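Hints given; two lone chains; assemble the complex.
Okay, here's what each chain looks like letter by letter:
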Amino acid sequence: DAKTTQPPSMDCAEGRAANLPCNHSTISGNEYVYWYRQIHSQGPQYIIHGLKNNETNEMASLIITEDRKSSTLILPHATLRDTAVYYCIVKGRADGLTFGKGTHLIIQP
Amino acid sequence: DAGVTQSPTHLIKTRGQQVTLRCSPKSGHDTVSWYQQALGQGPQFIFQYYEEEERQRGNFPDRFSGHQFPNYSSELNVNALLLGDSALYLCASSRSYEQYFGPGTRLTVT
Numbered sequence: 132d133a134k135t136t137q138p139p140s141m142d143c144a145e146g147r148a149a150n151l152p153c154n155h156s157t158i159s160g161n162e163y164v165y166w167y168r169q170i171h172s173q174g175p176q177y178i179i180h181g182l183k184n185n186e187t188n189e190m191a192s193l194i195i196t197e198d199r200k201s202s203t204l205i206l207p208h209a210t211l212r213d214t215a216v217y218y219c220i221v222k223g224r225a226d227g228l229t230f231g232k233g234t235h236l237i238i239q240p
Numbered sequence: 012d013a014g015v016t017q018s019p020t021h022l023i024k025t026r027g028q029q030v031t032l033r034c035s036p037k038s039g040h041d042t043v044s045w046y047q048q049a050l051g052q053g054p055q056f057i058f059q060y061y062e063e064e065e066r067q068r069g070n071f072p073d074r075f076s077g078h079q080f081p082n083y084s085s086e087l088n089v090n091a092l093l094l095g096d097s098a099l100y101l102c103a104s105s106r107s108y109e110q111y112f113g114p115g116t117r118l119t120v121t
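Protein sequences appear in the order of chains X and A.
If you read the first sequence in this note's numbering, its first letter stands for residue 132, the second for the next number, and so on.
If you read the second sequence in this note's numbering, its first letter stands for residue 12, the second for the next number, and so on.
So that you can see chain A by itself, here it is in the shape it has in the complex (with noise of 0.2 Å):
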């Protein structure tokens, strides 16, 4: 079992630009769940998605959207990036009660 992937690794974007973060979940899983952590700060849920819709949203603007596939498989979207967007992405999956994490994208935004 391959457990959450997360692509890319590393990336450098300028401020105003998008991007795009994949995430594969678990197998097995069927619920994908996206968090922001900032350097020295604890994960910041951003939303979580289920069935392909969005089921439920963290205190995070619109410039972060997101869309899950019909294989589980998540990507999130972030729009007219800033400098604080910098940060870690984390992508975690569940099918019940404990989520579980890929090893996240680093972003850095110039």
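Only chain X is shown next, with the shape it has when bound in the complex (with noise of 0.2 Å):
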């Protein structure tokens, strides 16, 4: 059963911060919240994980709430390369993934 809810698809201006939202109101206190994403005939590419503080590093940031039943990736300044397929997963630290249908991100020029 999918742990996760995603928006199917989004659009977002080049340029401009793209925030994907994820729901995970079941998550477990040992489980991390991991965002992945796969640009079309590629393999996933990790892009960054956490428990339940906010985390960022070259490629985006992850908000996680306090309550850690939702959180937030967001890509500051989107490029035409960010358009691709993002899916947020909820995991313990050594478990195999388990990819939902995640969101179809579309950045606009």
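Careful: at least some of the hints might be erroneous.
Some chain A residues near chain X, calculated using beta-carbon distances under 7 Å [unchecked claim]: (1) S44; (2) F80; (3) G95; (4) Y108; (5) E109; (6) P114.
Listed next, the stretches of chain X that the computed footprint assigns to chain A, with coverage defined by at least 3 CB atoms under 8 Å from CB atoms of chain A [as the list claims (entries may be wrong)]: (7) 182-196; (8) 215-225.
To be clear, the hints were calculated from the coordinates, so they are not data collected in a lab.
Treat the numbers as computed from the prediction; the structure is a model and nothing was measured.
Glycine included, each C-beta is placed from N, C-alpha and C at the ideal position.
Next up, the structure:
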């Protein structure tokens, strides 16, 4: 059963921040929130993960609500190359990844 | 660093045959996971290998089996191929939190 809920698609203008939401209301205390993306015909690419604190790396920021029931992935300055399917996944540290349908993010020029 | 590599890139097999796919993990990684991605779907977890043992398995039949070697590379074997096994097979390696994926092997069963 899918543990996360994401909108099927979103549009964002190039150069603007892309904010991708994810609901995970049944997350357990030892489960992390992961984000991956997949550009057409390529293997998925790791973006970021977090447990309960907000996280930032060179690709994105991850904002997790205090109750951990939802999170938002932020791409600060979206480019056309960010067009991809984005997957939000919750899992234990050593578990395999369970991919849902993800959000198809389309960056508009 | 070569990253995760998979071979072959593409493969065509006939229904009923057997196939072996190979994966070399990213340098320093000791865990290998395999995924099946049908057209238009997200990847589905098949199994994960660590220390040459299957540590976790998804909802796949016993026709799907694997192996991990002492150098951490891995094989995925599929017996008695069905038309529905046609998919992109992805290998991912990890050492800690994040998994790094290879480009995949496109298997077509006719």
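Now the hints, each set against the structure:
Interface restraint check: S44 (chain A) against chain X, minimum CB-CB distance 5 Å, threshold 7 Å, status holds. Nearest Cβ of chain X to the Cβ of F80 (chain A): about 20 Å, over the 7 Å cut. The hint is violated. Annotation: interface hint on G95 (chain A) violated; nearest CB of chain X at approximately 18 Å, more than 7 Å. Of the supplied interface hints, the one on Y108 (chain A) holds, with its beta-carbon coming within about 6 Å of a beta-carbon of chain X, less than 7 Å.
A hinted interface residue such as E109 (chain A) counts as satisfied when its beta carbon comes closer than 7 Å to some beta carbon of chain X; here the least separation is about 4 Å, so the hint holds. With its C-beta approaching chain X no nearer than about 5 Å, P114 (chain A) sits inside the 7 Å limit, and its interface hint holds. Residues of the segment 182-196 of chain X with a Cβ under 8 Å from some Cβ of chain A number 0, which does not satisfy the need for three, so the listed coverage is violated. By the rule of at least three residues with a Cβ nearer than 8 Å to a Cβ of chain A, the coverage given for the segment 215-225 of chain X holds, with 4 such residues.
Going down the numbered hints, you'll see the structure goes against 2, 3 and 7, while the others check out.
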